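Quick mapping for you: the protein sequence lines, in order, are chains A and B.
Residue numbers for the first sequence follow my numbering, beginning at 1 and rising by one.
Residue numbers for the second sequence follow my numbering, beginning at 1 and rising by one.
Since no wrong hints were added, every one of them can be taken at face value.
Here are the simulated DSS-like pairs of lysine-lysine, each with C-alpha atoms no more than 27 Å apart in a straight line:
id : chain 1 : residue 1 : chain 2 : residue 2
1  : A       : Lys218    : B       : Lys172
2  : A       : Lys218    : B       : Lys68
3  : A       : Lys106    : B       : Lys199
4  : B       : Lys25     : A       : Lys12
5  : A       : Lys25     : A       : Lys66
6  : A       : Lys12     : B       : Lys106
7  : B       : Lys25     : B       : Lys68
8  : A       : Lys66     : B       : Lys218
9  : A       : Lys218    : B       : Lys66
10 : B       : Lys12     : A       : Lys12
11 : A       : Lys106    : B       : Lys12
12 : A       : Lys172    : B       : Lys218
13 : A       : Lys199    : A       : Lys66
14 : A       : Lys25     : B       : Lys12
15 : A       : Lys172    : A       : Lys68
16 : A       : Lys199    : A       : Lys68
17 : A       : Lys25     : A       : Lys68
18 : B       : Lys68     : B       : Lys199
19 : B       : Lys174    : B       : Lys66
20 : B       : Lys218    : A       : Lys174
21 : A       : Lys68     : B       : Lys218
22 : A       : Lys25     : A       : Lys199
23 : A       : Lys66     : A       : Lys172
24 : B       : Lys25     : B       : Lys66
25 : A       : Lys174    : A       : Lys68
26 : B       : Lys174    : A       : Lys218
27 : A       : Lys66     : A       : Lys174
28 : A       : Lys25     : A       : Lys12
29 : B       : Lys68     : B       : Lys172
30 : B       : Lys106    : A       : Lys199
31 : B       : Lys66     : B       : Lys172
No lab work stands behind these hints, which were simulated from the structure alone.
In this text the structure is predicted, and so the values were computed from the model without any measurement.
There are 2 protein chains.
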Amino acid sequence: MTIEIQPSINLKTAIESRRAARSFKPDLIPPAILIEILRLGVRSPSGYNLQPWRFIVLQDAASKEKLKACAFDQRQVVEAPVVLICCGDRRTTQTENIEAVIELGKAAGGMNDNLASYLRQAIPQLFENRPCFESLETWTNRHTMLAVAHLMIAAQSFGVDSCPMEGFAAVKVKEAFQIPEEVDVCCLLPLGYAAEPFKQYGGRFDVTQVYYSENYGKPLQVEI
Amino acid sequence: MTIEIQPSINLKTAIESRRAARSFKPDLIPPAILIEILRLGVRSPSGYNLQPWRFIVLQDAASKEKLKACAFDQRQVVEAPVVLICCGDRRTTQTENIEAVIELGKAAGGMNDNLASYLRQAIPQLFENRPCFESLETWTNRHTMLAVAHLMIAAQSFGVDSCPMEGFAAVKVKEAFQIPEEVDVCCLLPLGYAAEPFKQYGGRFDVTQVYYSENYGKPLQVEI
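Bound-form chain A, shown alone (with noise of 0.2 Å):
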């Protein structure tokens, strides 16, 4: 039997209801609902399918202590009854993922030989060329953090909080979990149910302050 499992709570509620979680309730979250936010957020789209996102899901209390540790010492690291260590793997870029990804394509039915050739050839190019970007921190962090927010969103309407944390000493984290010297860890998510004392909201520019008009500057005229 197949459990088809659906969000309760709707995008535009989940997008704005959501809030960092400061300290989290020892509730457990439902492994049903856990792995469906798992891949869920893993549906995220890359550059020519990539995927350079990797997880580690923490759920031990030892770990999580050990993560505490190289994190300022926040709470929510500990109290939270699961923990992502959100990384992109540069590694990714390499011969042996493009073919990962070819295959992938073939099984999924959106793969030809004419694709393959030229994946095969453009994606050594970009990392080459690298017209897009400086270094490969910025990609992987691009892709991740792109699958970070679907992770978020999708928790969120589920009823799941989480805290996005980008206070964390990366050596640190990479000696403790054995990360290897090519993967970049990108933040830390923490993810559960909010216990108070809920994080006030802190506001957004205004989208005429944030999005301009045809060139660099100009603000944007909102007309509806």
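Following the hints, put chain B in place on chain A, whose structure we already have.
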């Protein structure tokens, strides 16, 4: 009169049905829907609420032609009714923006003098010490891509297709759209209504291939 606009597509369906659109119909996005997508996009979180994302909204045919010449001549850039040039501004790390964020928090009710003092000290320290990133380019991309994912998912939930693109030459885009030196171009995001041919699904690695348990490289055991 305020009209409340609600998404027509649920979150799970929006995430699962989204494909990068390689071709767009000429149909325009209704202005009220477009503004709602833009507004929800920047409800994305950011470290210390600094909101480094900035977007140039292209709607003029001439602007889109100009962008196409910087984007390896890809046709979706001129076909889509709206194209976002998604940027991250490194200058948002500076005092002027920190003070703007503090003012924003005061207006939203989520700021007090202690927190303001803390931010004035902690934010410059973060960018001096950089415990969790190597380059400012990484930091701007990290945040901007969170917002890009919010934009994509919000768009899809209103039935608006998108095409996240890293096929562009950043140097050319910056020159063509008067983007300052300190601003990074993170991706392009055409928005509109997909035309055939639709791109086929390339597949995704299994949850057990990209999620690890407790340490890097140890596959997650999925038991439901």
